[in-house]
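Trainee: Top to bottom, those sequences are chains A and B.
Here the first sequence is numbered in the working numbering, starting from 1 and rising by one per residue.
Here the second sequence is numbered in the working numbering, starting from 1 and rising by one per residue.
Check each hint, because a few of them may be wrong.
Stated by the list, open to error - Straight line, CA to CA, 25 Å or less: simulated SDA-like cross-link-like pairs of lysine to any residue:
#1 K38/A <-> I244/B
#2 K38/A <-> S11/A
#3 K38/A <-> L241/B
#4 K69/A <-> A49/B
#5 K24/B <-> R32/A
#6 K249/B <-> T76/B
#7 K24/B <-> Y93/A
#8 K38/A <-> D196/B
#9 K249/B <-> T100/B
#10 K69/A <-> Y216/B
#11 K90/B <-> L104/B
#12 K69/A <-> K24/B
#13 K38/A <-> D6/B
#14 K335/B <-> V72/B
#15 K24/B <-> L23/A
#16 K90/B <-> I21/B
#17 K249/B <-> I142/B
#18 K249/B <-> R175/B
#19 K69/A <-> T76/B
#20 K38/A <-> K249/B
#21 K69/A <-> S9/A
#22 K102/A <-> L23/A
#23 K69/A <-> D196/B
#24 K249/B <-> A84/A
#25 K69/A <-> I142/B
#26 K38/A <-> F38/B
#27 K69/A <-> L42/B
#28 K24/B <-> S11/B
#29 K38/A <-> A35/B
#30 K38/A <-> I198/B
#31 K249/B <-> A80/A
#32 K249/B <-> E94/A
#33 K24/B <-> Y30/A
#34 K38/A <-> I199/B
#35 K249/B <-> A87/A
#36 K90/B <-> T100/B
#37 K69/A <-> S224/B
#38 K249/B <-> I88/A
#39 K24/B <-> K38/A
These aren't lab readings, by the way, just hints derived from the structure by calculation.
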Amino acid sequence: MDIIIVLLSVSGLIFFFATTVGLLRFPDFYSRMHAAGKGDTLSSLIMLMALVLYNFHEFNLASLLVAAKILLIGVFIFMASPTATHAIIDAGYESDIQPWTKEPEEES
Amino acid sequence: MIWQLDLSILSLIVVCAFATIMVKDLLSAAIIFGAYSFLMCLLWTEMGAVDVAFTEASVGAGVSTVLFIAAVHQTTRRVGFRKSGRGLSKAIGLMAALLTGLVLLIAEMDFPDFASPFSPASLHLSPYYITQTLHDTNVPNIVTSVLADYRGFDTMFETAVIFTAGLAVIAILRRYKKDDRCELPAPYIISEGYPDTIIRFVARQLVPFIQLFALYVVAHGHHSPGGGFQGGVIIGASFILLAISYDTKMIIGLMSERSNILLGNIGVLIYAGIGFLCLLLGANFLDYSVLSKILPATDKVMARSHGMLGIEIGVAIAVMAIVISIYINIISCGKYKNEE
C-alpha cells in the first residue's frame, strides 16, 4: 500500500517537473500550453489518487467520505483544466499568434 | 507550522507583491495578484485558519482577479506614468513606506509569540469560546459561531459594507443617459460571445455542481469551513462563468438590475430582520436563543444554531447579488444593456 502511494506521488512530482520544464523550454505559446495542459491535469490526478489511497490507512465511513470528496475534486480538475487550456489556446489562435516553425521566417 | 514551508511561501509572496507593482502590463499584474492571493491562502491554511483561507481563495484569488481582468479589458493594459515630479514623489513614498515598516517592526517586538498560550487573547476570551461553543450553540465550527453569533453585530456591518461597496460601484459606473457629459472611453461592445462548443458545454455542465457546492458551503458552515460569504461568492462566480462563456446579456436576462439590487437589499434585510425579531421577542439584538419561542421543536441551544443559519443565508444572498452586479457594471461599462 505504502509503496503504491509513494510511487504515485513521486510519478506525479515527476510529471509536474516535466510540465515546468516544458513550460520554460518550449519555443512558442502553443507548445507551452500543450505541456502545461496535459502535464498539469495528469500529475494533479495522480497525486490526488495518491492522497485517496493515503486516506485509506484507516478504513471507516469518514475516510470514505473524504476519499469521495477528493475524487470529486479530481473529476472537477479533469473537466476544468483541459477546458481552460483549450480556452487559452483558442484565444491565442484568435489573436493570430503564429506557431513556431523550424525554418527561420522569411522577411517579407 | 513547518518553518521551511512558511519561509518559502512567504518569500514567494514577497516576490509576487513586488512583481505586481513592477510589471508594466496590467493584465499580468492582475494575474500575479491572483497568485499572491492564492499564496496567502496557502499560508493561512498552513497556520490553521482554514475559514480565512477559504474566503481568500474564493474572494481574493477567484472573484477579485476576474473583476480586475474585466476592468483591464474595458480600459487599458498599459500603465501610464507621469513625467514630472516622479523622483520626488517616489522618494516621499519610499520614506513613508520605510517609516511605516520601522514602526510596525518596533510594534512587533511587543507582540506575544505566535499561538502563545500566555498571550492576552488566549487567556481571557478564547478559552471561553473553545470550551463553551458546543455547549452554548451546538455548532462544532467555532469560527462560524464566533462570526455569526458571539460577534454577530460585526458581521452584520461587514455585510452592510459589502452592500455599500456594491452601491458605490453602481453609483460610479452606472450610466443611465445615452449622452455622457464627461469623456469616457467608448464601451467595448459585448459580443454575443465567441461561440465555442467545448467551453460552453463544459461551463453548462459545471455550473449546477458549482451552485450545489455553494449551497453546501453555506449550509455546512456550521460543521466545516465555509459560510455565507464564501458560498455567496461561489454562486456569484458561477453566474460570472456563464457570463464569460456565453454572453453577458443572458446573465442580465437571468439577473436583471432590479432583481439584483432587490436581492442585495433582501440579504441585508434578512440579517437585520432576524436581529429585530429577537428584539421583538424580548431579548437583545441578534440574541438568537429567544427564537426558540417561535421555531417549532427547538430548545434555546438549537435556536442559536438555526439563527446562525438564517443570517448566513442572508449574507450569501447579499454577497451573491453584489458580486454579480459589480461584474456586470464593470464588463458593460455601466450600460447594463448593450443595445443603447
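Trainee: All hints, please: hold or fail.
Mentor: Each hint tested on the structure:
1. K38/A <-> I244/B: holds (24 Å)
2. K38/A <-> S11/A: holds (14 Å)
3. K38/A <-> L241/B: holds (23 Å)
4. K69/A <-> A49/B: Roughly 20 Å separates the two Cα atoms, so the pair holds.
5. K24/B <-> R32/A: Roughly 23 Å separates the two Cα atoms, so the pair holds.
6. K249/B <-> T76/B: Since the Cα atoms of K249/B and T76/B sit roughly 23 Å apart, the hinted pair holds (cutoff 25 Å).
7. K24/B <-> Y93/A: Roughly 24 Å separates the two Cα atoms, so the pair holds.
8. K38/A <-> D196/B: holds (20 Å)
9. K249/B <-> T100/B: violated (47 Å)
10. K69/A <-> Y216/B: Given that 25 Å is the threshold and the Cα spacing comes to 13 Å, the pair holds.
11. K90/B <-> L104/B: holds (21 Å)
12. K69/A <-> K24/B: violated (41 Å)
13. K38/A <-> D6/B: Measuring from Cα to Cα gives roughly 29 Å; hence the hint is violated.
14. K335/B <-> V72/B: Cα-Cα ~17 Å, so holds.
15. K24/B <-> L23/A: holds (22 Å)
16. K90/B <-> I21/B: holds (13 Å)
17. K249/B <-> I142/B: violated (42 Å)
18. K249/B <-> R175/B: Since the Cα atoms of K249/B and R175/B sit roughly 17 Å apart, the hinted pair holds (cutoff 25 Å).
19. K69/A <-> T76/B: Status violated; Cα separation ~41 Å.
20. K38/A <-> K249/B: violated (33 Å)
21. K69/A <-> S9/A: holds (18 Å)
22. K102/A <-> L23/A: Holds, at about 18 Å.
23. K69/A <-> D196/B: Violated. K69/A to D196/B sits at ~30 Å, over the 25 Å cutoff.
24. K249/B <-> A84/A: holds (22 Å)
25. K69/A <-> I142/B: Holds, because 23 Å separates the two Cα atoms, which is no more than 25 Å.
26. K38/A <-> F38/B: holds (22 Å)
27. K69/A <-> L42/B: Holds, at roughly 19 Å.
28. K24/B <-> S11/B: holds (22 Å)
29. K38/A <-> A35/B: Roughly 21 Å separates the two Cα atoms, so the pair holds.
30. K38/A <-> I198/B: The given pair, whose Cα atoms are some 17 Å apart, holds under the 25 Å limit.
31. K249/B <-> A80/A: holds (24 Å)
32. K249/B <-> E94/A: holds (22 Å)
33. K24/B <-> Y30/A: Holds, because 24 Å separates the two Cα atoms, which is no more than 25 Å.
34. K38/A <-> I199/B: Holds: K38/A and I199/B sit about 17 Å apart, inside 25 Å.
35. K249/B <-> A87/A: holds (20 Å)
36. K90/B <-> T100/B: holds (15 Å)
37. K69/A <-> S224/B: Holds, because 13 Å separates the two Cα atoms, which is no more than 25 Å.
38. K249/B <-> I88/A: It holds: about 23 Å lies between the C-alpha atoms, which stays within 25 Å.
39. K24/B <-> K38/A: Given pair K24/B, K38/A is violated - Cα atoms ~30 Å apart, limit 25 Å.
In the structure shown, a violation is registered for the earlier hints numbered 9, 12, 13, 17, 19, 20, 23, 39, in ascending order.
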